[in-house]
Amino acid sequence: MKRLERRQARAGLGFVSPWLLGLGLFMLYPVAASLYYSFCEYSVLDRAHPVGLANYADLLRDELFWKSLGNTLFYAGLSVPLGLGLALGLALLLNSGVRGLTIYRTIFFLPALVPMVALAVLWLWIFNGEYGVLNVFLARLHIPAPGWLTDPAWSKPALVLLSMWGTGQAMVIFLASLQDVPVHLYEAADLDGASWWHKIRHVTLPMISPVLLFNGIMGIIGSLQFFAVPYIMTPNGQPARSAYFYAMYLYDNAFLYLKMGYASAMAWILFVLILALTLLSLRLAGRYVHYEAG
Amino acid sequence: MQAKRPLSRAIIHLILIAGSLVFLFPLFWMISTSLKPVEETMLSPPRWIPSVWRFDNYARAVSYGRDVLGYIPFYEYGKNTILLCVLVVTGTVLSNALIAYGFARLQWPGRNLLFGVTLATMMIPFPVLMVPMFVLFRHLGWVGTFRPLWIPAWFGSAFNIFLLRQFFLTIPRELSDAAVVDGCSELQVFRHIIIPLSRPALAVVALFSFLYTWNDFLGPLIYLSDQRMFTLSLGLQFYQSQHGGTEWHLLMAAATIVVLPIIVLFFFTQRTFIQGIALTGIKG
Amino acid sequence: MYRPLRYIGLALVGFLMYVGFTRSPAAPTRDGRVHISYWEKWTGFEGEAMRAVVDEFNRSQDRIHVDMLIISEVDRKLLLATAGGVPPDVVGLWSTNLASFADRQVLLPLDDRLRRFGISRKDYIPAYWDLCEYKGHMYGLPTTPASLALHWNKALFREAGLDPERPPRTLEELDTYAERLTKKDDSGRIVQMGFMPSEPGWWNWSWGYYFGGALWNGRDTITADSPENVRAYEWVRSYSRKYGVGSLQLFQSGFGNFSSPQNAFLSGKVAMELQGVWMGNFIDKYAPGMEWGAAPFPYPAENPELAQVAYVEEDVISIPVGARHPDEAFEFIRFVNSQRGMELLCMGQRKHTPLARVSRRFLETHPNPYLQVFIDVAKRSRPFSAPKTPIWSEYANEMNATFDEIWLGRSSAKEALAKVGQRMQSRLDRSLASQARRERGR
Chain H
0 MKRLERRQAR AGLGFVSPWL LGLGLFMLYP VAASLYYSFC EYSVLDRAHP VGLANYADLL
60 RDELFWKSLG NTLFYAGLSV PLGLGLALGL ALLLNSGVRG LTIYRTIFFL PALVPMVALA
120 VLWLWIFNGE YGVLNVFLAR LHIPAPGWLT DPAWSKPALV LLSMWGTGQA MVIFLASLQD
180 VPVHLYEAAD LDGASWWHKI RHVTLPMISP VLLFNGIMGI IGSLQFFAVP YIMTPNGQPA
240 RSAYFYAMYL YDNAFLYLKM GYASAMAWIL FVLILALTLL SLRLAGRYVH YEAG
Chain R
0 MQAKRPLSRA IIHLILIAGS LVFLFPLFWM ISTSLKPVEE TMLSPPRWIP SVWRFDNYAR
60 AVSYGRDVLG YIPFYEYGKN TILLCVLVVT GTVLSNALIA YGFARLQWPG RNLLFGVTLA
120 TMMIPFPVLM VPMFVLFRHL GWVGTFRPLW IPAWFGSAFN IFLLRQFFLT IPRELSDAAV
180 VDGCSELQVF RHIIIPLSRP ALAVVALFSF LYTWNDFLGP LIYLSDQRMF TLSLGLQFYQ
240 SQHGGTEWHL LMAAATIVVL PIIVLFFFTQ RTFIQGIALT GIKG
Chain C
0 MYRPLRYIGL ALVGFLMYVG FTRSPAAPTR DGRVHISYWE KWTGFEGEAM RAVVDEFNRS
60 QDRIHVDMLI ISEVDRKLLL ATAGGVPPDV VGLWSTNLAS FADRQVLLPL DDRLRRFGIS
120 RKDYIPAYWD LCEYKGHMYG LPTTPASLAL HWNKALFREA GLDPERPPRT LEELDTYAER
180 LTKKDDSGRI VQMGFMPSEP GWWNWSWGYY FGGALWNGRD TITADSPENV RAYEWVRSYS
240 RKYGVGSLQL FQSGFGNFSS PQNAFLSGKV AMELQGVWMG NFIDKYAPGM EWGAAPFPYP
300 AENPELAQVA YVEEDVISIP VGARHPDEAF EFIRFVNSQR GMELLCMGQR KHTPLARVSR
360 RFLETHPNPY LQVFIDVAKR SRPFSAPKTP IWSEYANEMN ATFDEIWLGR SSAKEALAKV
420 GQRMQSRLDR SLASQARRER GR
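Residue numbers (numbering that gives the first Met the number 0), protein chains in the order written: chain H, 0 to 293; chain R, 0 to 283; chain C, 0 to 441.
With the rest of the complex left out, here is chain H:
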C-alpha cells in the first residue's frame, strides 16, 4: 500500500508540475513583485526605488483615482445586474419550450463572439449623435436623443448598453442550468396552483442560485477590469473623463507615464476590492443560495 501511495504521489506531482511552474512564475511571483513595486517608484528604465506608502497616500489624494473608481463602480453597478437580468430573462423565455431554441440561442450568443475592437468601432458608429443609427431610430419614435458618447452624462450608460448586448454567454449558462431544474418541483408547484411568477421565485431562482452566484461574481470581476472597449471608443475617457475607467488609468500610469509603482498600487487596491466584493457575495450567498439537496 505504501508503495502505491508513493507512486500516486509522485505521479500526481508529475501531472501537476506544469502548474507549479505556472502558478509560481506567472501568478505568485507577479503578485509578490507587484506588491513590492507598489511601495516603490519604478519606471522600468531605472531601478525600483522604495518610497514606503507614498504611492498609496498619493492615490487617496488623487482626484482622478477616485473619478475612475467611481466611473468603474457605476459601470459595474449597472451592467452586472442589468446584464444578468437580461440573460436570465432571455434564458427563461427560451426555456419555455418554444420552437427554434437553437436559432434563438445562436442569435443571442453571437455578439459575445465579436472581437473587442470590431465591437467598439461598430458601436462608435451606432452611437454617433448625428447620423448614428440609434439616434435616428429614437428620432423616428420622437424620443429626444442624447449625444451618447459626446455627452458626459450619457457616455457610461452607452457603454452599459453595449455590455448588455454581449450578455449571451451568461444566458447560455443560465439556460443550461434551467434545464437541470427537476421537473417534479414544478409539477408540485402546479398542484399547489402557483402562478408563473410564484414558480420563478420559489422554484427556479433557488434552484439556479449557485449559477446566479457564479455568474454574478464573474461579472463583477470582469466589469471592474473594463478596458479594451473604452480604450478604443472613448480614449482618455472623453468627454471630460466621464468614461475613464480604473483599468485605463492603471494602464496609462504603467505604460504611458511610466509610473509602474503607482500603477502597482492601483492594481493592489483593485485586488483587495475584488476580494472584498467576492467575500461579501459569498456571505450573502450563504443565506440565499441553495445547493441541490437531492
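Calculated directly from the structure, the hints in this document are not laboratory data.
Computed from a predicted model, the values in this text were never measured in an experiment.
Any given hint could turn out to be false.
To be verified - Among the chain C residues that face chain H by a calculated CB cut under 10 Å, a handful are:
no., residue
1, L78
2, G83
3, R103
4, S237
5, K241
6, G245
7, E404
8, R437
9, E438
Think of the CB as a built atom: it goes at the ideal place given N, C-alpha and C, for glycine as much as any other residue.
Assemble chains R and C onto chain H, guided by the hints.
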C-alpha cells in the same frame, strides 16, 4: 417550466423575435456598411441597404495598407493570429488536462490546499500581474516577440483546471481502477481512458481558449511592437485613421472578415459548446 | 489507428512552436549592409514624402540600409519597446514628447555627435532648434516643422458681406466676424459656425498663451490658473455659452473625418479655423478650388505686444536609448537634416523647412500660396510650445479634460483651472523630487 397557453406562447415568441432583431441589428449594420460605397457610409439620415453592393470593398479591405506598408497587413495579421491560436489551444488543452488529472484522479499530500490556492487565483485581476510579467519578460528578452503570448498557456490556467477537474471527477472510478489493476501507469490511464471520455469538456476548453486568443487585444498591445507581427484584433485598429479619416466601409469589411470564422466555428460546434458549459458551469 | 495523422499533427505543432519561438522583429544584418529600423508615424502622402528621403539615403551609399516602419501611436509604442528592451534605431516623435522622454532617459543625447559634424543652432530657425533641447542637451533634430495660422474661407466671407481679403486682426474682430459668419436654419439648428475654439481640438491647452499666459513658469510652478489663462478660457466659454452647448454638440457630431471632404473647415461648416501649414494640402486634396487664406492668429486688441506670440511644434527624429546602431542612425538623421534631404521631405509634405537657409527654388515651386506666412510666424519673437516637463503627457490630458469641463459649462474657467493647477503642481513636485534624486545618484 412550460408555457401552456397559446397566448403566452405567442407573447413569448414576439418578445424573442423583437429581442433577436435588436441583437442582430448591429451585425446587420456592420455587414450593410461593409457593402456600401464610401459616399453612403456617412449619410444622415443613414441608408439601411446600400444602393450598390460593393463586394470589392472586401478585396480592398484585405489589401488595404499594401501601398503604405509594402506588404498586406491583413494576410500577415491573419497568419499571426492563427499561429498564436493553434499554439495557445494546443498548450492549453494539453497542460490543463494533465494538471486537472493530477488534481482529480490522484491523491497526494497538499493536493486540496493547492487546489484551493488555484481557485483563489481566479480572483487576481490581470492588472496586478501585468506589470511584473512585463518586467519578467523584459529580463528574458521576450518583449517584442510572440513568446509571452503563447508560452504561458502551456503552464496551465486556473479556470481551465477548475473546469476539467470538475469534469474528470464525474468519470467512474471503476474504469481507472480496472486499468491500474491491469498494470497501466497513470499516464496510460490518462491517455487511454480519461481523454477519450472527455471530448466534450476538452472541446469546450479548446473553443474558449481559441475564442480568447483570436480576440485578445491587451496582450498583443503590450508585447508586440513590430507592426508586421500584429494580430487581427490589434490590426483592426490600423484601419482607424491617425488624423481621423477612417474608411468605415473598409473597416467594417475587415471586421466582418475577422468575426466570420468565429461565427462559423461556433455554428458548427454549438452543441459541444453548450454541452460543455452545461457540464461545468453549474457546479458553481 | 490514425498513426500517421498523429505524427503529422505533432510535427506541425512542433514546427509552429519553432516559428512562434523564433519570430522576432527584423534582424539587423543582411546583404552586407547594416540594417537599421526606423519607426515613423506618417501615412498617406506624408509617409510617401519620408519614404522618398529614405530611398534617396539608401541609394546614396551602400553601408547602411534604413527599414522604415509606419507605426501608429509611435510615442506609446516607443515607450513600451524601450521599456521592453527592444527599441528601434531611429524614431520619429513629436516635439511635445521630447521633454518627458529625455527626462526618463528614453532618448540618447546628441550633443557630441552634433558638435563633431558641425551642426548647430545657427543652421536653423531658432524656435525649431530650441524645441529639441532639454536641460541643456539636444535629444533629437527636427524633421518637419509646424506653425499655425488662422485659415479662413473667402467665399463664406463674401457671402456674409465681409472683405474676403481682410482677415480679423484682433480677437475682438474675430468674435465679431464669427458672429456674422454663423448661420442657423429655420428650426434653430446651427448649420455654419464662424469660429469654434474647440476645432480642431488639438491645442486646447494653448489658448492661455495667446492672452499672455503660460502653463508653468519654466521651472517649478504650475500657473494654470493665472489671470491671463482664466481670461483666455472665459473667452473660450463665451463661444459655447453664446451658441449653446447642446446645439454645438449636435453640430459637431456631424463633422466628418479630418482627411475627407466632410472635414468641418473643408466642407464649409466652419468658416475660420486655427490650423497648421499642412492644411493647404488637405484643401488641395479634398476641397480643390476652395478659396482660402491664412494669416497670423489674432491678438487681444489691448495687448498688441502679444501679436508676437506664435505656437511652434515640429516632428523630431531621435535615437532611443538601447538602439543597436546609434552611429548609423545618426548618419541617417544627418542626411534628413541636410538641405537636400530636408527640402525633399518638406516639399513632399508641403510644409516649410526648419532650416535657416532655404533655396529659392523651394520657395518658388512650393504649392502652398501662404508659405511665407508660416515662415514669418515661426520667426516671431515670442514663440511658445508645449511645456518641456516630464509630466507633460499627463498635463496635456488633464488640460484636454479641463477644456471639456469649461466648454460644456460644467465648471467655471477659474475653478477648473485652479483644480488642474493643484493636481499638476503636486505631480510636478513629485517629478522634480525624483529628478533630483536621480541626479544625486548618478
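Hint check:
1. L78: holds, 6 Å
2. G83: Since chain H brings a Cβ to about 8 Å from G83/C, closer than 10 Å, the hint holds.
3. R103: Where the cut-off is 10 Å and the nearest Cβ of chain H is about 6 Å from R103/C, the hint holds.
4. S237: Status violated, d = 19 Å.
5. K241: violated, 19 Å
6. G245: G245/C check passes; min Cβ-Cβ to chain H is 8 Å, inside 10 Å.
7. E404: holds, 5 Å
8. R437: holds, 7 Å
9. E438: This hint is violated: E438/C lies away from chain H, its Cβ roughly 12 Å from the closest one there, beyond 10 Å.
Figure legend: structure checked against the earlier numbered hints; hints not met, in rising order: 4, 5 and 9.
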